[in-house]
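Going down the list, the sequences are from chains A and B. Here the working numbering is used: position 181 in the first sequence is 171, and no number is missing along the way. Here the working numbering is used: position 118 in the second sequence is 181, and no number is missing along the way.
Hints are not guaranteed to be accurate.
What the hints assert, rightly or not - Computed from the model, here is a short list of chain A residues facing chain B with C-beta under 7 Å: (1) 17; (2) 81; (3) 98.
Unchecked claim - In the SDA-like style, the derived pairs of lysine to any residue whose C-alpha atoms are separated by at most 25 Å in a straight line are: (4) A:122 <-> B:98; (5) A:120 <-> B:282; (6) A:120 <-> B:91; (7) A:122 <-> B:285.
Derived from the structure by calculation, the hints contain no laboratory data. As the structure is a prediction and not an experimental result, all values here were calculated from the model. Glycine included, every Cβ here is placed at the ideal spot set by N, Cα and C.
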Amino acid sequence: MIHFTDVHMRYTSGAEALKRVNLSIDKGAMAFVTGRSGAGKSTLLRLIALIERHTRGQIIVNGQNLERVTGRRIPLYRRNIGFTFQEHRLLYDRTVFDNVALPLVVSGHRYQDIRRRVQAALDKVGLLEKQKHLPIALSGGEQQRVGIARAVVHRPAVLLADEPTGNLDPILSWDTMKLFEQFNQVGVTVVIASHDLDMIRRMRKPIITLREGRILTSAGGEGGE
Amino acid sequence: MTARARLPMDPGRVVTAWLSQHIQALLYSAGQMCRNPLGSLLTTAVIGISLALPAAFYLVLANSERVASAWGGAARVTLFLKMDVTPERAQALATSLRGHPRVLDVRVISPDEALAEFRRASGFGDAIEQLEENPLPAALLIQPDNARFGGTAMEEFLAAMRALPEADTAQFDRQWVQRLVALLNILHRAVLILAALLALAVLLIIGNTIRLSIYNRRTEIEINMLFGATGAFIQRPFLYSGILHGLVGALLAWLLVSGAVRLLQGPVAELAGLYASEFVLHGLAAENVVKLLGIGGVLGWVGSWLAVQRHLRDITPL
Ligand SMILES: Nc1ncnc2c1ncn2[C@@H]1O[C@H](COP(=O)(O)OP(=O)(O)OP(=O)(O)O)[C@@H](O)[C@H]1O
Ligand SMILES: [Mg+2]
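Produce the entire structure from the sequences given, and follow the hints as far as they go.
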């Protein structure tokens, strides 16, 4: 599903965020990306979501070479990606409902359809009764879950989560990971960036470790190092 | 993977979806304007005044042109006869001209009368005394029926008078009217230049308003794009907002001009009464109101389009 071949990423500032990255994540798989702060986890996810462009190498997502996804193809490509941001990035002047509805609104769904799907997504993250609230009135963890609902509401083929448990207590973190696992079980390819090593080890999924932009290990699924 | 994004749809549904997206964008823009009433009011007020100025000048001009043409029509025609035309023939011509459907009255001025008038008016009395014979021809003063003249009819009448066998030449008694018309032509051009400048001002105002609202909604635009909004989807509310600002501004301009006309109508009628004229100040005709609104809408659209092209690119990820 996701294949990186000798991928380099250099920001315009000159920072080399990724160097010669090779990796492969199967369709329907669930994988974690870990590493210290600044290792390049967010950058890796942003390249897959086409929020940034890699500067060398090749990225293929679901058979599409990302270099050829340009112009009008970009919005169509992004409609198959769900993304949760490290810094939430909710719209603070819109209700929870409107925030979650955003991916459906931009792709022109009908209102009845939107309402049904948004409520289902909010129900899944346990925030259905807060749908009319503004994000300001929610705790950090609740905001994070609004972001998760927004990332899955349009049923993307690939779900990318950047530090989705950063603001959550251990129990809620675990519940959230289980939630991602449920999405994975219905066929969504899930990639999660997290530095909570203890927890991701307990999930027993492949772990990709980055250090200063290079792949350190690409450990297999059975919870091993 | 892309297949999911393009669900098979029948044409009817495509049209409905397209229409509903446009209506959504329009309502959204209107909602944004209502949510920021002070800002929208200031912008539309500036647009309204900018459009009202040329519209008002246009009205002043159009009304002045009516005045000029009314007085131009009132001018008498002086028909100078050839030197060899006898007084009897001059009288006969006058009589026959009185029967002309476009003529109200004809007065014959004999060479002697003409000379006496000239002597009185010119002050060359002594010099004229020296003349052995009267050098002036007889003339007919023709008062045309103004109600029957419009457009070029006056010129045609003049040409017909010149063509008479007894006629030497014929001319309007209206030099000052011609000067007024020339002046109005200059003013006409000045109004066009002013209108072009103010249209540019409206473009800049709308462009700036849209630029500000793009920057205020930067985050929203970014997130919309990250979740697959197309360029058209992002632009649409801004374009509608520009059109709405332009239209509301034009509406305001119309109200301002109509108000001014209403205030002036009384005094103008009084003045016209003093000149025993039926003249009334005309406001904007329905056709011109439509034009004004059209110009407002188009300026709004162009202004916002320029701003969108210029500033959305700064935000667009990738
Ligand atoms: N927008 C940017 N412009 C320039 N350099 C950037 C940008 N974003 C990240 N970098 C640099 O790229 C490197 C990798 O950053 P990245 O955000 O991918 O790290 P990370 O692993 O997600 O860290 P964290 O755990 O703190 O989120 C860092 O050295 C950072 O300074
Ligand atoms: Mg990060």
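- Message: Hinted pair, alpha-carbon criterion (25 Å max): residue 122 of chain A, residue 285 of chain B. Please report holds or violated.
- Response: Holds, at about 23 Å.
- Message: Run the distance test for residue 122 of chain A versus residue 98 of chain B: straight-line Cα separation, threshold 25 Å.
- Response: holds, 19 Å
- Does residue 98 of chain A meet its interface restraint, that is, does its C-beta lie within less than 7 Å of any C-beta in chain B? holds, 6 Å
- Item | Restraint check for residue 120 of chain A with residue 91 of chain B, where alpha carbons must lie at most 25 Å apart | holds, 24 Å
- Query: Minimum Cβ distance from residue 81 of chain A to chain B below 7 Å?
  - Reply: holds, 6 Å
- Message: Against the 25 Å threshold, does the CA-CA distance of residue 120 of chain A and residue 282 of chain B hold or violate the hint?
- Response: holds, 23 Å
- Interface restraint verdict for residue 17 of chain A against chain B (beta-carbon cut-off 7 Å): At 10 Å from the nearest chain B Cβ, residue 17 of chain A fails the 7 Å test, so the hint is violated.
Consistency with the previously given hints fails for number 1 only.
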